[in-house]
Each structure stands twice: as C-alpha cells, then as structure tokens.
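These protein sequence lines are chains A and R, in that order. Residues in the first sequence are numbered from 1 upward in steps of one, following my numbering. Residues in the second sequence are numbered from 1 upward in steps of one, following my numbering.
Possibly wrong hints are sitting among the right ones.
To be verified - PhoX-like, lysine-lysine: derived pairs with alpha carbons at most 20 Å apart: (1) R:K65 with R:K18; (2) A:K100 with R:K57; (3) A:K42 with A:K69; (4) A:K37 with A:K112; (5) A:K3 with A:K68; (6) A:K42 with A:K108; (7) A:K100 with R:K18; (8) R:K11 with R:K57; (9) A:K57 with A:K94; (10) A:K42 with R:K11; (11) A:K94 with R:K57; (12) A:K3 with R:K57; (13) A:K68 with A:K94; (14) A:K42 with A:K71; (15) A:K3 with A:K71.
No lab work stands behind these hints, which were simulated from the structure alone. Nothing here was measured: the structure is a model prediction, and the numbers come from that model.
The primary structure of each chain is shown beneath.
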Amino acid sequence: GEKVEQHESTLSVREGDSAVINCTYTDTASSYFPWYKQEAGKSLHFVIDIRSNVDRKQSQRLIVLLDKKAKRFSLHITATQPEDSAIYFCAASKNYGNEKITFGAGTKLTIKP
Amino acid sequence: EAAVTQSPRNKVAVTGGKVTLSCNQTNNHNNMYWYRQDTGHGLRLIHYSYGAGSTEKGDIPDGYKASRPSQENFSLILELATPSQTSVYFCASGERGGSQNTLYFGAGTRLSVL
C-alpha cells in the first residue's frame, strides 16, 4: 500500500521567514495530496491540497509544489507568523475519491519570535 | 461548518475489557474513517466506511472492529483491549469522489488501557 514519508519531524524558523516541509510517497497511482494542520491540543483541519494535474498551487501564504517524477511534494509557508506554529501532516490518496487517505508522521513547526 | 462528534472524549479501560468509541457526523458524508495518532507514526488508518452497512480494513485493523449502522454513525470496537491500543483516536468524515475531498475530523478520544 501507499507509504507517505515526512522528512522533517521538527522544524523551527524565525517569524517572518519561510518554512518548507517535504514529503515523499511511494504509489505512482496517488494523485491527490492534501495538507492538514493540528494546533496544540486540538484536532486536525484541512489547509491546502494539490492534484496531480498541476505542479503548483498557492493559497495566500501557503504554496504546495508537486514533483510527480520524484514522487515528492512540499508545503511552503511564507512570511511565517506565530499562529503557524502547529503540527502539519501531508497525505496522499488515489484519484477515484478519498476512500483511503494515507498520512505522513507529521512535522512540528515552531515559529520563533 | 461540517460537524463530527466523538464520544467519549477520554476513556480509561482495563486490559481485556471491551471498549466502544462512537462517532457521529451531521455532514451527510458517505465516507467515515477511524485513525489513531501516535508520536512518531502520525495518523494511521484503522477502518473506514463507504456508507451505511459497509466497513473496510485500513492499514492497521488488527485488534479492532468497526460498525456503520447508519450514514451518521461509525463506531470503533476493541473487543479485548490491550495496553498497545493506548492512543488518541480520531474519527473523520468526507465526501466520496468529486471535487471535494476534504476530511472533517472530530476532536479526538484519548484512550488509556491499563
């Protein structure tokens, strides 16, 4: 089955700098790649996604890049703010729906003042 | 706003006992999921469901059963709880296919098996 590896288990950046979280996946059939955010003591919520028909997607300060050849995707958070501190999970699933979404282990992002 | 409600929020169980975790969603979503979250492993899929009456095995189904008696309700059952099942459990719901693939998560259930 699909395996999603999240390369950074922790990441610390200064407020205002950019943060990059990298993930790789194993199943070439995967075509949908969402990101979820979990703030301390809370549940997860969706932040952004990308589908395999594009290689870049931006939503305000969040940019997702997809390299299908390398089976790699990444989340870039620009101009980081204290409220960006959280655990970020990348995930992957196949294109016929979201019946089975496989998550990475999570990256704990800390924004330093 | 989509709503997924889990109960109980916290549970302490004894080894060998039966535990039932409940999940209710008011989103009218077809798909529902049970994940567990452990440090170093992230979220791992236990069971999921396409709709009422269906249950499918996820990546780590051993020791767990699931039940989907209705569109709204999805339960996770530990028939003989073990300390290794101590974890935080998340239920989620999502639409099937189409352009909307977002999962909506409940607040989580913290289970301790002593």
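Next on the checklist: Checking one constraint from the list: CA of A:K68 to CA of A:K94, max 20 Å. Satisfied?
Outcome noted: With a Cα-Cα distance of about 13 Å, the restraint between A:K68 and A:K94 holds, given a limit of 20 Å.
Checklist entry - Going straight from one Cα to the other, do A:K42 and A:K108 come out at no more than 20 Å? => result holds, 14 Å
Checklist entry - Quick one, are A:K42 and A:K71 close enough, alpha carbons at most 20 Å? => result With a Cα-Cα distance of about 30 Å, the restraint between A:K42 and A:K71 is violated, given a limit of 20 Å.
Checklist entry - Are A:K100 and R:K57 close enough, with their CA atoms no more than 20 Å apart? => result It holds: about 10 Å lies between the C-alpha atoms, which stays within 20 Å.
Checklist entry - A:K42 and A:K69: Cα distance at most 20 Å? => result violated, 35 Å
Next on the checklist: Would the hint linking R:K11 and R:K57 be met if the CA-CA limit is 20 Å?
Outcome noted: violated, 24 Å
Next on the checklist: A:K94 and R:K57 were given as a pair; does the straight-line alpha-carbon distance stay at or below 20 Å?
Outcome noted: Status holds; Cα separation ~16 Å.
Next on the checklist: Check the hint pairing A:K100 with R:K18 against an upper bound of 20 Å on the C-alpha distance.
Outcome noted: violated, 27 Å
Next on the checklist: Does A:K68 sit within 20 Å of A:K3, going by the straight-line distance between their CA atoms?
Outcome noted: Between A:K3 and A:K68 the Cα gap is close to 15 Å, so the pair holds against 20 Å.
Item to check | Hint consistency between A:K42 and R:K11 [alpha-carbon to alpha-carbon, up to 20 Å] | outcome: Holds, at about 17 Å.
Checklist entry - Are the Cα atoms of A:K57 and A:K94 separated by 20 Å or less? => result holds, 18 Å
Next on the checklist: Next pair to validate is A:K3 with A:K71; report whether the Cα-Cα distance is within 20 Å.
Outcome noted: Between A:K3 and A:K71 the Cα gap is close to 11 Å, so the pair holds against 20 Å.
Checked against the numbered hints above, the structure breaks hints 3, 7, 8 and 14 and satisfies the rest.
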